[in-house]
Amino acid sequence: MAISADHVGRRYPPTSPYQVSAAKIAEFAHALGDEDSAYAGEKPIAPPTFVAVISSTAWESMFADPELGLARRRTVHGDQRFSYRRPLRAGDAVTATLTIDRVRSRGSADIISCSADVETVGGELICTAETTFLHTHETDA
Amino acid sequence: MLDGRSVSVGDRLPSLTVRFTRANLVRYAGASTDFNPIHFSDHYAAKMGLPGVIAHGMLTMGTALRVVTQWLGDPARVRSYFVRFTNPVLVPDDADGTEVTFGGVVEVVEDALVTIAIEATSRGTKVLGAARAVVDLAD
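Chains as they are written, first to last, in my numbering: chain Y, 1 to 141; chain B, 1 to 139.
Some hints could be false.
What the hints assert, rightly or not - Some residues of chain B that are not near chain Y, with every Cβ distance over 10 Å (derived): (1) G10; (2) S15; (3) A46; (4) G52; (5) L113; (6) D139.
Claimed, not checked - Cβ-to-Cβ under 10 Å is the rule here; a few derived chain B residues that face chain Y: (7) V18; (8) Y28; (9) A29; (10) G30; (11) A31; (12) T33; (13) D34; (14) N36; (15) G57; (16) M58; (17) R66; (18) G73; (19) P75; (20) V78; (21) S80; (22) A133.
Said to hold, decoys possible - 25 Å max Cα-Cα, derived SDA-like pairs, lysine to any residue: (23) Y:K43 - B:S80; (24) Y:K24 - B:V18; (25) B:K126 - Y:A109; (26) Y:K24 - Y:T57; (27) B:K47 - Y:F63; (28) B:K47 - Y:G107; (29) Y:K24 - Y:E60; (30) B:K126 - Y:T132; (31) B:K126 - Y:G78; (32) Y:K24 - B:V26; (33) Y:K43 - B:D136; (34) B:K47 - Y:H137; (35) Y:K43 - B:T33; (36) Y:K43 - B:W71; (37) B:K126 - B:M48; (38) B:K126 - Y:V76; (39) Y:K24 - Y:E124; (40) Y:K43 - Y:R85.
Just so you know, the hints here were simulated from the structure itself, not pulled from any lab data. In this text, a Cβ means the ideal position worked out from N, Cα and C, and glycines have one as well.
All chains should be modelled from the sequences, with the hints used to inform the complete structure.
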């Protein structure tokens with residue numbers, strides 16, 4: 001099977017809840033070389049792109065979907081958008097739910113647009129992370 | 001935040017230059033849990049047809065936003081952020097790594113919403129395309 005426009009609208013179950021911790025926020029901010037005080041202390045917010053830690057786990061269900069025939073190693077991250085309702089904070093327990101929004105075929109590749117809604121376990125939408133992947137078909141060459 | 005300074009289209013934000021070394025990539029891999037070996041293994045990168053180990057796109061994206069949040073003084077005001085990953089940032093296994101320079105310019109001011117166009121350049125090449133962050137300056 002191969003991914004096609006027929007799969008647009010496919011929505012996967014939410015990921016297991018992820019508990020945002022002050023320690024992980026500090027580790028992530030440090031990895032970005034970011035000393036902003038908002039990311040430190042007992043009740044920090046997360047750097048805006050921290051959302052990717054959670055939203056990227058939602059991709060796994062799509063890559064594991066046998067009907068789509070996708071391979072991670074033939075996939076390139078083309079672009080990324082985050083739309084925020086509020087920052088993630090230490091103490092948030094969140095899930096990510098992935099939807100396939102658009103599939104376009106370009107010769108030997110598919111351009112796949114998907115979005116992950118990152119919500120608290122209480123159902124509050126925090127951020128939508130939209131991603132475009134370029135997926136190259138398998139060749140014998 | 002911004003200490004009451006007015007914001008006008010064309011304002012340039014203070015630029016930021018960083019150096020990505022292999023140590024930075026390993027640290028980001030752990031922090032983000034993105035352990036794709038193209039970000040630390042020359043052997044695997046070559047197998048994938050890459051000229052060498054490349055930085056995580058999300059490391060470049062996350063670092064680029066520092067230009068905006070440092071200028072803003074409050075990262076909670078970021079409403080949206082988009083980048084296109086146009087060129088990979090090659091990071092050699094040496095002490096110097098690769099220098100990346102980030103800049104930003106105010107592109108749109110619409111009431112309290114301000115759009116910043118972000119530039120990211122490494123070795124003379126643009127590594128992010130169409131990068132935009134929208135921030136909310138409302139009280």
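Pair hint K24 of chain Y and E124 of chain Y, alpha-carbon separation not exceeding 25 Å: 21 Å, holds
Take the C-alpha atoms of K126 of chain B and A109 of chain Y, compute the straight-line distance between them, and say whether it is at most 25 Å. Holds - the C-alpha atoms of A109 of chain Y and K126 of chain B are around 24 Å apart, at most 25 Å.
Hint consistency between K24 of chain Y and V18 of chain B [alpha-carbon to alpha-carbon, up to 25 Å]: 22 Å, holds
Can you confirm whether the C-alpha distance between K43 of chain Y and T33 of chain B stays at or below 25 Å? 22 Å, holds
Taking only the CA atoms, is the gap from K126 of chain B to V76 of chain Y under or equal to 25 Å? 18 Å, holds
Has the given pair, K43 of chain Y with S80 of chain B, been kept, meaning a C-alpha gap of at most 25 Å? Status holds; Cα separation ~23 Å.
Check whether the Cα positions of K126 of chain B and G78 of chain Y lie no farther apart than 25 Å. This hinted pair holds, its Cα atoms lying about 14 Å apart.
Is the interface hint for Y28 of chain B satisfied, with its Cβ closer than 10 Å to some Cβ of chain Y? For Y28 of chain B, the interface hint holds, since the closest Cβ of chain Y sits about 4 Å away, which is under 10 Å.
Against chain Y, does S15 of chain B keep a CB gap of more than 10 Å to every residue? 15 Å, holds
Is the interface hint for G73 of chain B satisfied, with its Cβ closer than 10 Å to some Cβ of chain Y? 9 Å, holds
Under 10 Å is the threshold here; is the Cβ of M58 of chain B close enough to any Cβ of chain Y for the hint to stand? 5 Å, holds
Next pair to validate is K24 of chain Y with V26 of chain B; report whether the Cα-Cα distance is within 25 Å. 15 Å, holds
Hint violations for this structure: none, all hints satisfied.
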